[in-house]
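Engineer: Given next are the chains, with one letter for each unit.
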Amino acid sequence: MEGTNMLELKHIYKTFNPGTVNAKTALCDLSLTLAEGDFVTVIGGNGAGKSTMLNAVAGAFSVDEGTILIDGQDVTRLPEYRRASFIGRVFQDPMMGTAATMQIEENLALAARRGQRRGLRWGISKTERGDYRELLRTLDLGLEDRMTSKVGLLSGGQRQAVTLLMAALKQPKLLLLDEHTAALDPKTAAKVLALSDQIVEENHLTTLMVTHNMKDAIAHGNRLVMMNAGKVVLDIAGEEKKKLTVEDLLERFSAASGGEMLSDRAILS
Amino acid sequence: MDFLTSLLNAMPGAVAQGLIWGLMAIGVYLTFRILDVADLTVDGSLATGGAVCVMLIRSGWSPWIALLGAFCAGLAAGLVTGVFHTRCGIPAILAGILTQLALYSVNLRIMDSKSNQPVSVDKYDLLTSQRYVRDLSLDNPLPLLLVFTAVLVLALYWFFGTELGSSIRATGANPHMARAQGINTDSNIVLGLMLSNGLVALSGGLLAQFQGASDVNMGRGAIVIGLAAVIIGEVVFGKLFHNFALTLLSVSLGAIIYYMVIQVVLKLGLNTNDLKLITALVVALFLSVPYWKSRHFHGKVKPVPAAEGANGGNEHA
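For the protein sequence lines, the chains are A and B, in the order given.
In terms of the working numbering, the first sequence opens at residue 1 and continues consecutively.
In terms of the working numbering, the second sequence opens at residue 1001 and continues consecutively.
Please note: incorrect hints may appear among the correct ones.
[Said to hold, decoys possible] In silico DSSO-like links for lysine-lysine, alpha-carbon gap of 30 Å or less:
id, chain 1, residue 1, chain 2, residue 2
1, A, 126, B, 1239
2, B, 1239, A, 150
3, A, 150, A, 170
4, A, 126, A, 173
5, B, 1276, B, 1239
6, B, 1293, A, 150
7, A, 243, A, 215
8, B, 1239, B, 1293
9, A, 231, A, 173
To be clear, the hints were calculated from the coordinates, so they are not data collected in a lab.
What you are looking at is a predicted structure, and each value in this text was computed from that prediction instead of being measured.
Okay, chain B solo, but in the shape it has when bound (with noise of 0.2 Å):
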């Protein structure tokens, strides 16, 4: 029965820290499934939009003047990966790398060179706090959250839909097909870097109001936390949801469900500093399962298409 209690006693908070990373990990799916990149940067960029977000507060600035600019930094990050990735020819994983290195000398620098900064909901007037995550009240973050995931997935459902948010989305599919349309792929790649990185800072923000504090370290592991994210709400809702929004939507709650076990776990009796192990071996475990099933049902390798020894395309596949 205590287990049962304490269990659900525990779920408001998973709810609420699901829909903040869900935020995060819709960013994670632009550039993961829309644009076929691992962007690496991620773990960076949720650390600086957490230490932007609370240095502006703690300066005095409105919450929401905060989350602003926790998404202009955020878009900031992007911007210098899809520079690196698109005009110095560095591939997408260590351009995403060498960003994420360089933010945690910038994320130690905005915040005054300390670790960690606090930013206390009795001291400042926060959009989401842990505190109220029980209450029945107007300072309760779930609805909040609730609201800005919805807003948030509407706003990408119609940017996807225009002109440029389809060739962004055709950059992603086939960038052959994207070039020979006119579709110019490297400034699609810069921009659909920067809008991820600009929606993951954002979480950050969010987060950091939410636990009370920035941290250095908060985004350590986030991209696996973002890939479990997108790959379980593909694994419960890929059948039934077939809308770019309902799509985006499952990716929150797979965020959701991700928090939820994590809380079944730790209630197990699990140590927290196993966690990131078993998620990492989770995320394997599912990013493998497509792989064995095309070896196991084709029963070989794909054939390579037949190719002229001239055939200069391949200098740019």
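Isolated chain A, as found in the complex (with noise of 0.2 Å):
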């Protein structure tokens, strides 16, 4: 392996609802590295763990065994808003990202704080206001006219490319992108992930990014990884990757986890 590892997912178990009617094993022995600078899109079916991997990353609940390295540091046992220093995320929800009630700006200015004590200075510079213009400018949606509106007025699709722009402020050593696209007409989801890629390459940012796509797990990205029953099934990086159909991915996908069939709706995707 060369480089440095960025993200360690080592053994990891999780189980919600313990000793209840409703348990469920949701990631069961997975183990995933990701180098630094690598682009990995996630697949797998309803219920295969794909997002709950990424919320064990982000740290939105602990995990019941098994270590999590990012850029070589045990996270562990640290707490969510311990690790968002590390990790810029997008959410398949678009009200999820952000603040709707707090202006555009605001919701950027938070963002920038990302990892630092936040104390009594005021809560946005004039510098800051004119930075967040030109980046506003680079999505070219005439957000940077609208930079004190409430994030609650634009559409889902703006609100996912607010959020893109939130995720990457910081230069996060993780980027984690959780089925963002989902939620929006085909036309915007097609935008933000063009978006996305380009926010990816300009910072060389190692990214997660789970979808129920599969045409775009194959097109974006330098490594895919398909998930079952709640550990990684298939990963397969460089030309083979950039060589894949869905036919093959499809077929391999049913031999590597014993004939089982994926969801009707990734299929039809």
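Taking the hints as your guide, dock the two standalone chains into a single complex.
Structural biologist: Below, the structure is given as structure tokens:
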């Protein structure tokens, strides 16, 4: 393995509601390593543990067993808000990534202070405003002229675009995209995906992107990982990934998962 | 004619009460609207503020120090509720009720086991007193209360514009986003509850001086009066005021309007005992309006976002 490992997941286990009738083993001996600069797309059926994996990395819950290293540092026991200094996140629900009742520039200013102590200095400075205006201009959505608008007034696609900017603003060690285009219409989804590619490339971000869309999973990133029953069952990189087709993927998945079929949603997309 | 004269005579008192309760209502606004938490601690912490203030004045402290003491007692009350809620996982409403109940005993202890303690303006140098509310003199409490309100609104406007204040607003607006941006939502909730109850207790201290006594029951229903002020402020000034400082001011104005209306209905012959019933019904009505509106205009229940089976995020929603 050359270079540094940006993310290492070692033998992660997680069961929700243990000891009850609703017990659900979501992650089962999950191991995955991302080298610096890897852009890994993650696919798998419903309940395969894709989002759970991202939430485990982000620290939304603590895992039952295993170790999580980010850039060599053990973060397994760090609370979500402390891990945030290493991680940029975009959620599936466009409402989740931004504060609707706050202004666009206020949201960006909050993201710009990720990992810093928040004291009694004014929440946003004049130079920052200029920077944000330039940054928003790159989106080409006209948001640079609406910086004091409440984010709640924006469309889902616009909100995801702003959330992407916020996620990349502090050069995170890791970018987590959790089906961040699933709630958007196809045209907007394509735009947001293109923007994601651009942001990942410009900032050389190590990225994990969960998607339900096999074509997207093949077209983006340098590595593709398929999950089933809470662990990685397929890991395809480099030239091999470039030549992949949806049919290959379906075939290899059913072989890897012992004949199980993907959800209808994944096949249809 | 008689009716009008007596009504006009009652107005300065109503405005003064409105200004005092307005500070309390601003505290309620911080939790109810900014943190998105209904904090029932306030029924207890208002009386705590009154008790601490009166007992300090009675033992010879200046009323300013006494108010500071009241504020600090309120901070402590908010801290307890905050710890119950964030560290012990007790739902916010229940955490508030527990603290409120506990404070009843604490307040009696503060007041030497008496259910009320007088603080006469004849014996002590009080900041605000009902007695002078219609006087044209320096003893009139209205100017001081106006200055108090203005200073407080400006201080809060500044605080919620700072990095820390912004992170508290983000915590209330979207805790998921706040944590993803590295904000410690738990400690922000505790801080917000402390600040809110500090203001409520400060208001309790002023109220006790104004009435000339503290009473262990003086906070009963305070949360509802606070909510009434918040809602009246929003209904009357919501379209007009968008700036945060003006929004806070509208809460205070809402409290003044509330006490003016109360005076009117009392002068019209309403039984004082029915006041709480009417206040509760009015607040219930105004709280239901947004719900009815959303049902009426959208016709159906909000669709549930498509969630993945193994999405562990639900655990922490």
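Engineer: Hint by hint, say whether it matches the structure.
Structural biologist: Results of checking the hints against the structure:
1. A:126 with B:1239: 29 Å, holds
2. B:1239 with A:150: 16 Å, holds
3. A:150 with A:170: Given that 30 Å is the threshold and the Cα spacing comes to 22 Å, the pair holds.
4. A:126 with A:173: 27 Å, holds
5. B:1276 with B:1239: Within the cut-off at roughly 28 Å; holds.
6. B:1293 with A:150: Holds - the C-alpha atoms of residue 150 of chain A and residue 1293 of chain B are around 22 Å apart, at most 30 Å.
7. A:243 with A:215: This hinted pair holds, its Cα atoms lying about 12 Å apart.
8. B:1239 with B:1293: With Cα atoms ~17 Å apart, residue 1239 of chain B and residue 1293 of chain B stay inside 30 Å; holds.
9. A:231 with A:173: Distance of about 23 Å is within 30 Å: holds.
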